[in-house]
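What follows is the residue order along each chain.
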Amino acid sequence: GAVVSQHPSWVICKSGTSVKIECRSLDFQATTMFWYRQFPKQSLMLMATSNEGSKATYEQGVEKDKFLINHASLTLSTLTVTSAHPEDSSFYICSVGRGGNQPQHFGDGTRLSIL
Amino acid sequence: KQEVTQIPAALSVPEGENLVLNCSFTDSAIYNLQWFRQDPGKGLTSLLLIQSSQREQTSGRLNASLDKSSGRSTLYIAASQPGDSATYLCAARIPYGNNRLAFGKGNQVVVIP
Numbered sequence: 004g005a006v007v008s009q010h011p012s013w014v015i016c017k018s019g020t021s022v023k024i025e026c027r028s029l030d031f032q033a034t035t036m037f038w039y040r041q042f043p044k045q046s047l048m049l050m051a052t053s054n055e056g057s058k059a060t061y062e063q064g065v066e067k068d069k070f071l072i073n074h075a076s077l078t079l080s081t082l083t084v085t086s087a088h089p090e091d092s093s094f095y096i097c098s099v100g101r102g103g104n105q106p107q108h109f110g111d112g113t114r115l116s117i118l
Numbered sequence: 014k015q016e017v018t019q020i021p022a023a024l025s026v027p028e029g030e031n032l033v034l035n036c037s038f039t040d041s042a043i044y045n046l047q048w049f050r051q052d053p054g055k056g057l058t059s060l061l062l063i064q065s066s067q068r069e070q071t072s073g074r075l076n077a078s079l080d081k082s083s084g085r086s087t088l089y090i091a092a093s094q095p096g097d098s099a100t101y102l103c104a105a106r107i108p109y110g111n112n113r114l115a116f117g118k119g120n121q122v123v124v125i126p
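Protein sequences, first through last, are from chains H and L.
For the first sequence, counting from 1, position 64 maps to 67 in this note's numbering; every step adds exactly one.
For the second sequence, counting from 1, position 37 maps to 50 in this note's numbering; every step adds exactly one.
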């Protein structure tokens, strides 16, 4: 069964709208979750590491005020794309893992289209 | 910085042929290497995980090998089927910082009936 649930799977909205994406760990409590972005025919690029109870760690070049991450509980992390613009249109995927030598499990992704 | 490369980027094979997908990484200091499958517009499905101390892992028609010293992993898919058509991604788990995954760009596979 699914280990990670990501919602919504698809969003279309107007430029300037803020969009929230949820990532839930279904099987275990996750102190760390990862958020990735994927452009067509490209690999996954890590955007940020979501840490339960503390601030997220953002990768170089990722605007933390643009991509707000909240990890308020051990089973839920949210990514909010604030004031979205067409260039933010992409495929966003979260992942969860027990850490160390354990496999990472991914959500089904969210296709974001900004008009 | 860990860099992961997958060759070829795309390939087509007739049904029944064996598939060989290659993944190389620049830094041999890895926790493990994981192979994923991604269907168009979908998330990633984990196929196989090879720990840094292991040489290979098998699951059904899938076999993945790891040669850490040379920075290479290979995914073999025996007797390919049209349902194997997908993009296959390899990712190396980095044992420092936040233990992130470094991904290759993927091997896009089409199995022709």
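Do not rely on the hints blindly, as some may be mistaken.
Straight-line alpha carbon distances no greater than 30 angstroms define the calculated DSSO-like cross-link-like pairs of lysine-lysine that follow [stated by the list, open to error]:
1) L:Lys118 to H:Lys44
2) H:Lys69 to L:Lys81
3) H:Lys67 to H:Lys17
4) H:Lys23 to L:Lys81
5) L:Lys14 to H:Lys69
6) H:Lys23 to H:Lys69
7) L:Lys14 to H:Lys17
8) H:Lys69 to L:Lys118
9) H:Lys44 to L:Lys55
10) L:Lys81 to H:Lys67
11) H:Lys67 to L:Lys55
12) H:Lys23 to L:Lys118
13) H:Lys58 to L:Lys81
14) H:Lys44 to H:Lys67
15) H:Lys58 to L:Lys55
16) L:Lys14 to H:Lys67
17) H:Lys17 to H:Lys58
18) L:Lys14 to L:Lys55
19) L:Lys81 to H:Lys17
20) H:Lys44 to L:Lys14
Honestly, the hints are just simulated from the structure, not real lab data.
Tested hints:
1. L:Lys118 to H:Lys44: 8 angstroms, holds
2. H:Lys69 to L:Lys81: Cα-Cα ~38 angstroms, so violated.
3. H:Lys67 to H:Lys17: 21 angstroms, holds
4. H:Lys23 to L:Lys81: 40 angstroms, violated
5. L:Lys14 to H:Lys69: Judged against 30 angstroms, a Cα distance of about 26 angstroms means the pair holds.
6. H:Lys23 to H:Lys69: 12 angstroms, holds
7. L:Lys14 to H:Lys17: 37 angstroms, violated
8. H:Lys69 to L:Lys118: The given pair, whose Cα atoms are some 26 angstroms apart, holds under the 30 angstroms limit.
9. H:Lys44 to L:Lys55: Measuring from Cα to Cα gives roughly 13 angstroms; hence the hint holds.
10. L:Lys81 to H:Lys67: 35 angstroms, violated
11. H:Lys67 to L:Lys55: Holds - the C-alpha atoms of Lys55 (chain L) and Lys67 (chain H) are around 26 angstroms apart, at most 30 angstroms.
12. H:Lys23 to L:Lys118: 27 angstroms, holds
13. H:Lys58 to L:Lys81: Between Lys58 (chain H) and Lys81 (chain L) the Cα gap is close to 34 angstroms, so the pair fails against 30 angstroms, i.e. violated.
14. H:Lys44 to H:Lys67: Within the cut-off at roughly 25 angstroms; holds.
15. H:Lys58 to L:Lys55: 28 angstroms, holds
16. L:Lys14 to H:Lys67: Holds - the C-alpha atoms of Lys67 (chain H) and Lys14 (chain L) are around 22 angstroms apart, at most 30 angstroms.
17. H:Lys17 to H:Lys58: Holds, at roughly 29 angstroms.
18. L:Lys14 to L:Lys55: Distance of about 28 angstroms is within 30 angstroms: holds.
19. L:Lys81 to H:Lys17: Measuring from Cα to Cα gives roughly 47 angstroms; hence the hint is violated.
20. H:Lys44 to L:Lys14: 22 angstroms, holds
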